[in-house]
Structure formats: structure tokens, C-alpha cells
Amino acid sequence: MTALIDLIQQGRPVDGHRPWPRAIVDADLWEVAAAHLAAGDWSLLDLWGEPDRVHMTLLEEAGATVGTVSLDCPDRRYPSIARRHPPALRLERTLRDLYGLEPVGLADDRAWLDHDRWGVRHPLGSAEQDFEPLPKYRFLPAEGESLHRIPVGPVHAGIIEPGHFRFTANGETVVRLEERLGYVHKGIDSLMAGAAIERAAMLAGRTSGDSTVAYALAFSAAVEAALGMEVPARAVALRAVMAELERLANHFGDIGAICNDAAFAMMHAHTGVLRERVLRASDAAFGHRLMRDRVVPGGVAVDLTADGIAAIRALLAEAHRSFPPLVTLYDETASLQDRTVTTGIVGEPLVRQYAAGGYVGRASGRSFDARRLPGYAPYADLPFEVPVRHDGDVNARVWIRIQEVGQSLALIEALLERLPGGPLHVPLPAGSGEGAALVEGFRGDVHAWVRIAADGTVERCRLRDPSWFQWPLLEAAIEGNIVADFPLCNKSFNCSYSGHDL
Amino acid sequence: MRKLLLDGLLKRPLTEPAPPPDDAGLAELATRIRRKLGRSLSIREVDAGSCNGCELEIHALNNAFYDLDRFGIRFVASPRHADVLLVTGPVTRNMREALERTWNATPDPKWVVAVGDCALDGGLFAGSYAVEGGVSSVIPVDLHIRGCPPSPTALLQGLLALLEKAERG
Ligand code: SF4
Numbered sequence: 001m002t003a004l005i006d007l008i009q010q011g012r013p014v015d016g017h018r019p020w021p022r023a024i025v026d027a028d029l030w031e032v033a034a035a036h037l038a039a040g041d042w043s044l045l046d047l048w049g050e051p052d053r054v055h056m057t058l059l060e061e062a063g064a065t066v067g068t069v070s071l072d073c074p075d076r077r078y079p080s081i082a083r084r085h086p087p088a089l090r091l092e093r094t095l096r097d098l099y100g101l102e103p104v105g106l107a108d109d110r111a112w113l114d115h116d117r118w119g120v121r122h123p124l125g126s127a128e129q130d131f132e133p134l135p136k137y138r139f140l141p142a143e144g145e146s147l148h149r150i151p152v153g154p155v156h157a158g159i160i161e162p163g164h165f166r167f168t169a170n171g172e173t174v175v176r177l178e179e180r181l182g183y184v185h186k187g188i189d190s191l192m193a194g195a196a197i198e199r200a201a202m203l204a205g206r207t208s209g210d211s212t213v214a215y216a217l218a219f220s221a222a223v224e225a226a227l228g229m230e231v232p233a234r235a236v237a238l239r240a241v242m243a244e245l246e247r248l249a250n251h252f253g254d255i256g257a258i259c260n261d262a263a264f265a266m267m268h269a270h271t272g273v274l275r276e277r278v279l280r281a282s283d284a285a286f287g288h289r290l291m292r293d294r295v296v297p298g299g300v301a302v303d304l305t306a307d308g309i310a311a312i313r314a315l316l317a318e319a320h321r322s323f324p325p326l327v328t329l330y331d332e333t334a335s336l337q338d339r340t341v342t343t344g345i346v347g348e349p350l351v352r353q354y355a356a357g358g359y360v361g362r363a364s365g366r367s368f369d370a371r372r373l374p375g376y377a378p379y380a381d382l383p384f385e386v387p388v389r390h391d392g393d394v395n396a397r398v399w400i401r402i403q404e405v406g407q408s409l410a411l412i413e414a415l416l417e418r419l420p421g422g423p424l425h426v427p428l429p430a431g432s433g434e435g436a437a438l439v440e441g442f443r444g445d446v447h448a449w450v451r452i453a454a455d456g457t458v459e460r461c462r463l464r465d466p467s468w469f470q471w472p473l474l475e476a477a478i479e480g481n482i483v484a485d486f487p488l489c490n491k492s493f494n495c496s497y498s499g500h501d502l
Numbered sequence: 503m504r505k506l507l508l509d510g511l512l513k514r515p516l517t518e519p520a521p522p523p524d525d526a527g528l529a530e531l532a533t534r535i536r537r538k539l540g541r542s543l544s545i546r547e548v549d550a551g552s553c554n555g556c557e558l559e560i561h562a563l564n565n566a567f568y569d570l571d572r573f574g575i576r577f578v579a580s581p582r583h584a585d586v587l588l589v590t591g592p593v594t595r596n597m598r599e600a601l602e603r604t605w606n607a608t609p610d611p612k613w614v615v616a617v618g619d620c621a622l623d624g625g626l627f628a629g630s631y632a633v634e635g636g637v638s639s640v641i642p643v644d645l646h647i648r649g650c651p652p653s654p655t656a657l658l659q660g661l662l663a664l665l666e667k668a669e670r671g
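Respectively, the protein sequence lines represent chains V and Z. Counting from 1, one number per residue, gives the positions in the first sequence under the numbering used here. Counting from 503, one number per residue, gives the positions in the second sequence under the numbering used here.
Bound-form chain Z, shown alone (with noise of 0.2 Å):
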């Protein structure tokens, strides 16, 4: 154990210098965030029907390489402490009112996300007896990211196209 720590220590970081437009991307989403809301933005996620591939993508934000707690942003256990609602698959019948009650839950000024190609209109799974449809089918969306699953570098530029979206207001 030792030795892996002394490593971790000494060792340069795997978080990337990511390449533009990404690395500038990641700063400026990081002054935006602290100039938006003098703090950090916390995201409560909710998967709403989704097939768990966009949650794979979601969780690999904070491995070492994208390493979002780095720009303030982070994940909280309760919609109660949530900024943002990041919202994944097509939403079923049976998900519908954990959702609605979720969102209710989390105080204003709150934004919606709606996370992969299934969040947008239900995407394969559309039209089936046991789906509403895309997430904005029950609860107001402030943005969309496509992809199925969607990258976690596209993860991180909706995320920016989120802030530029609330300082335009």
C-alpha cells in the first residue's frame, strides 16, 4: 500500500491536459460555473428508464482522467442539494412519478439536463406501451445531450453549453 501511495504522490497526474477545444472548454466551464453561482454546481442524476449505459459514461466523469470534482462540479446523493438534474433514458410509466417527485424536490433556480439519444424522445424504446417518451415529456428540459451513450468529454461540453445557456438567461 505504501508504495501505491508514494506513487500517487509522486507520480504526474493521469487527469488530462485534455486537447482543445476540450482543455479550454474545462476551464472556462470552471470560471463559468464559479462566476455563475459563486460556488460549486451540484448534480443529482436520476435514471428514469435508462438501459445503464448512459450511467456508465455519467460515472466515468469522476475517474482520475476527467476528474470532475476538479471544476467544483459533483454529484450529491439528494435532490434537495441539487443544482442540476441529470436525467437519462426514455422515461417509463413506472418511473414517471419518481421523477416528477424528484424534480419537485429540488429547490430553484434549477436546470434539467436530458442525457442520451433516449432522454431526447425516447429513442428506440419510443412508442411502447410502457414509455412516456423523452425526459421533457414530463418535467421541462434546459438542455439535451445527445449520444448513445454520450462520451464523457460530451458530458462535460453539455455541461458548458448548459452554463452559457443560464447566463444568457
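With the rest of the complex left out, here is chain V (with noise of 0.2 Å):
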């Protein structure tokens, strides 16, 4: 088997590129890829592309390597990963419709995000104004004796975001589930291209809402390794200290929705003032209650004063007070275990094919965090577990958020035990490059690659959310499941809709 770093050595390396290296190759390289990563020895962390080129970042687990390959295919064509790797299928078709980059193979011909609703054809290729309009979105058949489809979506009954779910039932058990995406595009991409710096990283913490700080830190953890430069050591600290405040607001959240989903109200009321104290402690600690637009490229915006360390100090005495209680009782209550344990089960093979991160990837037996690999300041000196389960249901999803809470709130505590002293924020040099992070919000790693121009503005910008390889992973936990459980499923990924769609 040819290591990660042998294939990235055949190609030719781009200079600059940073933290990893990425090298362009050539065909027959790009389906060495392919062929690895059909084998699994390699898992697709990301595919994207630029007019005439397609990039895809690679992890070798084994060796703890992650590598980007480039393709140029000026004639906008590409040999399809999907064909022989099926993660890649709606990244693929993401290509297709953003950049009219056709992946030679595939047999899926449907467009993705393209609704055909915006105008232009192609928006970041060609721009095509005058086109033929798409044909009518073809769900896959599913045939057979009194099969009965359940359309649901675009708007759904809950406050949640929009997507469209398209249930096969036979009777009350799930067949399969389609689900058609897309719907909150946004373009994030073409408002990225020409972006002053800070727009754009205005712009990136606002992809999933959710996962502000995570997207916030991706992208300038990606600006800072392109420009070659470090930030102190007191924004990296506070960075992490808002991005574990973050995964605990979400986990809270999570645990008593997916509660809720079983109509176990007690629980979500009380994560519920759980979740609140979070924002209300991140909101007196870094002036916002989400922390939006607090972690900057070159350092952070805030500082933390002894009253906002007050105050976190306040809600940890008080998560760790109220949170076991809850903990016993998810566990002690047998109509609830009733509902979540065997429900939704997602295998390892799976997990392990689309590289899934975050719980959903924990919970059936995958332990990648980007935390620990490739790894980022300062999680390489702080004590921390990475949760790990195998029975991939529900509440082994449930599961693994309590554990990460746990987790999550003795990392803040040792962060504010030694807050180094120093400045906050550095300012960026000037400088082109191109860089690219890996970043471990609360779902899952983010991706975020990024490639300055010389007169200091945004080329491009590529994000890339944890959801893109967990939301196939529900139409398979949901099978053979029934209807009413798919709620329950749902909400134990708890996928992003913007994140996906951009």
C-alpha cells in the first residue's frame, strides 16, 4: 500500500501551503486516490474545487498524515471519486452545480444544491444566464407491494431549518429515506471570493450559526497557517475555552431535544436552564451569547476579566451540581432507554466509510477528533478523554454528549487554572498563501481552506461542515426503523442544514 505522504510526494508540491502539504497530480495519481480510498485505507476529509481545478484532502489515520491532491482538468471534467468512493456523491454534485465540473463516471446525473432557482447556470464557472431548465428531481424508486411515500419538508413543524425528508414505508417501518437538501444555499462560497479578510471571517462564522466559534477558529486558524504566523498564547487559550463553551451550550441542548423527541419533557426543561446558563456565563464572559465574531484571524477580539472568569467559574460549580442528577435520571428511566436504545443504529463500517465525525462517528466506534488529530494549540497540553462507544444508537449518541460534557468541563477549568498573560491579538503580516485547518466544533471536524492574494483580500474560501458525511448516515440509521422514530433519530445528529448547504 502506498503511504499518504508517498502519493503527495509523486505529485508536484505547491509551495506555502500550510499546515500540510498539498501537491497537483496528475489522472492516474487521482485514481491511486481513488482506489485507496475505496480500499479504506484513506478517508475523504474533503472535495471541493475552483473553475478549472478539484481539490481533495485526504487522512491517513494509520499514519496520522493528512495530505491535499489538486487536480487540473481545464476541460472541466475529472475522473468521479464517487464512482468508486460514495461519500463523495454529493460533493460531487455540488461541483457540478457550482462550477459545471463534471465528475466522468458517475451515474447519478442529479444536481444538488441547484434548485434551479437562481438565475444563472454554473454560478461560479461559467455563469451561464442562459440555460435549459433542469429536469424534474427524479427520488430514487423504491417498488414493491403497498410501499406509501411520506413527503416531508421543505418547512417543517418544529422551529428547525428547512430540508426536504421523502419516507418509503411499508406500514409504519421505513423503507428508505431520500433526503433533498439544499434549500438554505446561500452562496457562501461566491461571497467568499474577493472578501476582505475580515468579512470574510464574519462571513465563515456565520455558516452554521451553531457552530460559530468552531467556524470562526477553522477560518483563521487557516488565514494564520497561510500567512505563516502564530497568535499569542492567551488567544489561543481564550479561543479554546469558547469553543468548549460552545460544545457544552449544544450539548445541553442536544441531550434534553433528543429527550424531548421521546416526549420526555422533564429532561429538555432542564437542560434547557442549563443550555441558557451557558450563554448567559458566555455572554458576561466574551460579550456575546453565542460568541460570534470573538475569535478573529491574528488572535481574539475580547479579553476575558476577572468577572467573566467569575462568572464561568459560577456556571461550572453549577453544571456540576445539576448535570448528574439529570444524568441518573436519563438513565434510571426505562420508558425513555426504551425509546432510544436499539433505535437508529448506525454500523462502524459505515462510520468508518464516510469518515463521520463528532458523536455520530463516536458513537459507532470511530475516535477521530480533530483535536488530537492533526491536532491544534492548546489541546496537545491539556488532559482530555475522547468518548468512544459501539453500539451506535441513540443513546449511544445521547451517550457520548454526556461524556464530552464532562469532558468539556474540566478543559475550561484547567484553561482558566493557567490563562497565560500577554496580548490578545496580533496583526496579520502581509503576504499571500494558502492554508487550510481542521477544527473539532461540537458536531464534528470542520474543514477550512483558504488561499490569499497578494493584495491581502480572500481568493478563495472553502468550508466544509462535519454534516456533509453524517446526513447520508441517517438515511441508513433510520431503515427498518419506524416512522414515529425518526424524529428521535434526527435530532441524535442533530445534522446542519446551512453548514451543508452554504
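Hints listed in this document are in silico derivations from the structure and should not be mistaken for laboratory results. One or more hints might be untrue.
[What the hints assert, rightly or not] With the Cβ distance kept under 10 Å, some of the chain Z side facing chain V (calculated, not the full set):
{"no.": "1", "residue": "Gly555"}
{"no.": "2", "residue": "Cys556"}
{"no.": "3", "residue": "Ala562"}
{"no.": "4", "residue": "Ser580"}
{"no.": "5", "residue": "Pro609"}
[Stated by the list, open to error] Among the chain V residues that face chain Z by a calculated CB cut under 8 Å, a handful are:
{"no.": "6", "residue": "Gln337"}
{"no.": "7", "residue": "Arg339"}
{"no.": "8", "residue": "Val341"}
{"no.": "9", "residue": "Thr343"}
{"no.": "10", "residue": "Ser498"}
These numbers come from a predicted model, not from an experiment. For glycine and all other residues, C-beta sits at the position ideal for the given N, C-alpha and C.
Hey, can you piece these two chains together into the complex? The hints should help.
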């Protein structure tokens, strides 16, 4: 087996791509990479494009290597990866929609984000104004006696994001679920191109609101890598405090919301209080409940004062007091367990194939955590565990969150213990370059890639939400379950629509 | 579980006797809703392209601190049951039709509240090929609540302003 690093060395290296290498490869090497993906040697972290080029970031867990390979395709065609490695499917359909890049050999010719409403075709490629309408969207067939279809969305009954679900059911049992997304596509890629770094950072922080810290951090780290700069130690620590607060708030919210979808409202009420307390402490400490625009390229935008530290410490104390009884409640309520245990199982081979991150991966045996691999400051100096389970059901995804709450509480405590002094921010040096980052948000790894132009603006920026590799697994999780358990499965994934649709 | 339930019964509620002007504002909101509608106010939330940040704060209105329910304001699952559409996000081109259809499905009298800076004019996303713009570029808007996202308190104050406006007719 070729090591990923060997493949990269066979290509033409791109100077100054940090922190991991990028190499321009030919079609043959591109196919070698596809074969390794198909064989399960490597994982696909991202696949994205430019008008005449495709990029792929790969992970080789065995060698702890990450690398990016790029293929020039002046004729706007490239060998399909999805043909051999299905996790690339929606990414390739997206590349076709946005850039007009054709994945050669891909059988699925349906659009993905393009719903024929933009008034332009291939907006980031040739941007044709004059075009034929798209054919009517074809959902995949499910044939057999007494099957019926249930279309749901895009507007859902709750306070949630829009998307369409097409169920095929046999009585109560789901035979097939097919998702159709793209409703909240805002064209973030195109808004990024040519934007000043400050504006681009704000856009990144608005890609998926629940992960605003994670996105701002990923974008900032990519910019800092591109410019070859270090951020001050105090900023590094404060970023981690914010990232862990964000994880706490979302996990508290999710744990309650999952139980609520099993009609166990009491848990929802209590974790809702905890979530609100996190948001209030975040507001007191950093001046915004979601900590939006607080992480900026070069450092952080606000300092943490003694009052802020006190607010966070009070939160930690309250969480240590009131969360454990809720965990016991979850664990000992048979009627609730009856709904979550063995519901919506995802097998380990699938999470490995899709390189699904976050609690979706960790509940099914994949321990990957971007804080560990590739790893970033300050986590190497902090003690924390990455919980893993193997049962892969709704219950396991709840438990991973419960355990991560404990880890985040301890991490924040450790960070506050030894908060370094010094500046919060350093000015960005002039210069251009390419950088990437992988940051562990609450739902999984966020990938950011950026190219800074000589005039200091963002030439291109790519942001990949963890949901890209989780949404498809939700389709697998619900198979064979009853329709009434879908909200429970869906909430246990809590994929981002906005982060996916971009 | 028994201890948690007992605690729930015996402890003081968390629900805020919020500091003024919110407290006065909240009480006033409740009276006005009753006076105006003689019943409760039903809200249907529609995400027309948001980053989901606005949804998080709308959700927070239901937690024990804000407890929107006590004022007779509640979120409903269908536009058919709604008095108010609470719309977030820059309206994406891909969501335009769904928003129009939701609006058409809402019986009169109805109000539309646009929530968040994006819903005002598209916010940071204005000018994209994929974005129509603010909510008012698609359906008539009665009130804008600014913020990115607006805090739950700002949302409550906004609903009060809406009722004032509705009373003035
Ligand atoms: S106003 Fe802010 S929080 Fe609301 S949708 Fe827009 S970017 Fe997200």
C-alpha cells in the first residue's frame, strides 16, 4: 500500500501550503487516491473545486497524515471519486452545480444544491444566464406492494431548519429515506471570493450559527497558516475556552431535545436551563451569547476579565451540581431508554467509510477527534479523553454527548487555571499564501481552506461542515425503524442544514 | 426522578421576574395580547435561509427563564393555526416559494415579524446569486427585530412592539 505521504511526493508540491502539504497530481495519481479511498486505507476529509481544478483532502489515520491533492481539469472534467467511494457523491453533485465540473463515470446526474431558482447556471464557473431548465428531480425508486411515500418539508413543524425528507414506508416501517437539501444555500463560496479578511471571517462565523466559534476558529487558523503566523498564547487559550463553552451549550441543548422527541419533556426543561446558563455565562465573559465574531484572524476580539472568569466558574459549579442527577434520570428512566436503546443504529463500517466525525462517529466506534489529529493548540497540553462507544444507536449518541460534557467542563477548568497573560491579538502580516485547518466543533470536524491573494483579500475559501458526512448516514440509521422514531434519530444526529447547504 | 420532581415542585421557579423595563414589558405584552385577540397568540416560525443562529434564540424563549407560554404566546406546528409568522434569514432563492406558500396558508388576520439582521435586508449575504434579500422582498413585513441573532429579551420586546402596532391598526 502506498502511504499518503508517498502519493503527495509523487505529485508537484505547492509551495507554502500549510500546515499540511498540497500537491498537484495527474489523473493517474488521482485514481490511485480513489482506489485507496475505496479500499478504506484513507478517509476523505473534503472534496472541493475552483473553476478549472478539483481538490481533495485526505486522511491516513494509520500514519497520522493529512494531505491535499489537486487535479487540474482545463476541460472541466475529472475522474469521479464517488464512482468508487460513495461519500464523495453529494460533493461531486455540488461541484457540478456550482462550477460545471463534470465527474466522469458518475451515474447520478441529478443536481444537488441547484434547485433551478438562481437564475444562473454554474454560478462559480461559466455563470451561464441562458440555459435549459433542469429536469424534474427524481427521487430514487422503492418498489414493492403496499409501499407508500411520505414527503416532509422543506418547512418543518418545529423551530428547525428547512430540508426535504422523502420516506418510503411499509406500514410503520421505513424502507427508504432520501434527503433533499440545498434550501438554505446562500452562496457563501461566491461571497467569500474577493472579500476582505475581516468580512470573510464574519461570513465564516455565520455558516452554521450553532458552531459560530468553531467556524471562526477554523477560518482564522487557516488564514494564520496561510500567512505563516502565530497567535499569542492568551488568545489560543481564550479560543479554547469559547470552543468548549460552545460544545457545552449545544450538548446540553441536544440531550434535552432528543429526550423531548421521546416525549420526556422534563429532561428538556432541565437541560434547557443549563444551556441558558452557558449562554449567559458566555455573554458575561465574552460579550455575546453565542460568542459570535469573538474569534478573529490574529487572535481574539475581547479579553476575559475577572468578572468573566467568575461567571464561567459559577457556571461550572452549577453544572457539576445539577447535571449528574439528570444523567441518572436519563439512565434510570426505562420508558425513555425504551425509545433510545437500539433505535437508529449506524454500523462501524459505515462511519469509517464516511469518516463521520463527532458523536455520530464516536458512538459507532470511530474515535477521530480533530483536537487530537491533526491536533492544534492548546489541546496537546491539556488532559482530556475522547469517549467512544460501539453500540451506534440513539442512546450511544446521547451518552457520547454526556461524556463530552464532563470533558469540556474539565477542559475549561484547566484552561482557567493557567490562563496565560499577554496580548489578545497580533496584526496580520502582509503576504499571500494557502492554508488549511481542521477544527473540532460540537458536531464534528470543520474543514477550512483559504487562499490569500497578494492584495490581502481572500481569493478563495472553502468551508466544509461535518454534516456532509453525517447526513447520508441518517438515511442508513432510519432504515427498518418506524416513522415515529425519525425525530429521535434526526435529533440524535442534529446535522446542520445551513452548514451543509453553504 | 422523584427528587427532581419534588425539587421542581418545591423550589422557586427560575422564570425571571425580569428587571425593568422587561418585566413591565412582559406583563404589558400579556394584557395586550388578551385585549387584542381575547385569547392566545400563535406563532409559526419559518427559517427562510438563516444560519440557524436566530432559531437558537427563538428556541430559548421556551426555556424556564423566559417561559413564553405563561403569556399565552405559543409556537404552533402549522401556518393554518398561526396569527404570526416569525421569519428568519436572508430569504434564499431556494426557499422563496416555500415562504410564499406558508404565508398564503396562514389565515387572516396575520402579521409577519422578520427576525435578525439577515431578515431585514439579507445582512452579510445580500448580493449573492442565491439570495433574494430581506423578508420584505418576498412577503409584507409588519415588524423587524434587529440583532445577529436578537437576544430572547429583544425578541420579547419586538413582539410587544408588534402588538402596539396592531392596536393602532
Ligand atoms: S441574523 Fe445573524 S443569527 Fe440570524 S440568520 Fe442572520 S447571520 Fe444568522
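- Among all the numbered hints in the text so far, which are the ones the structure does not match? 5, 6, 7, 8, 9
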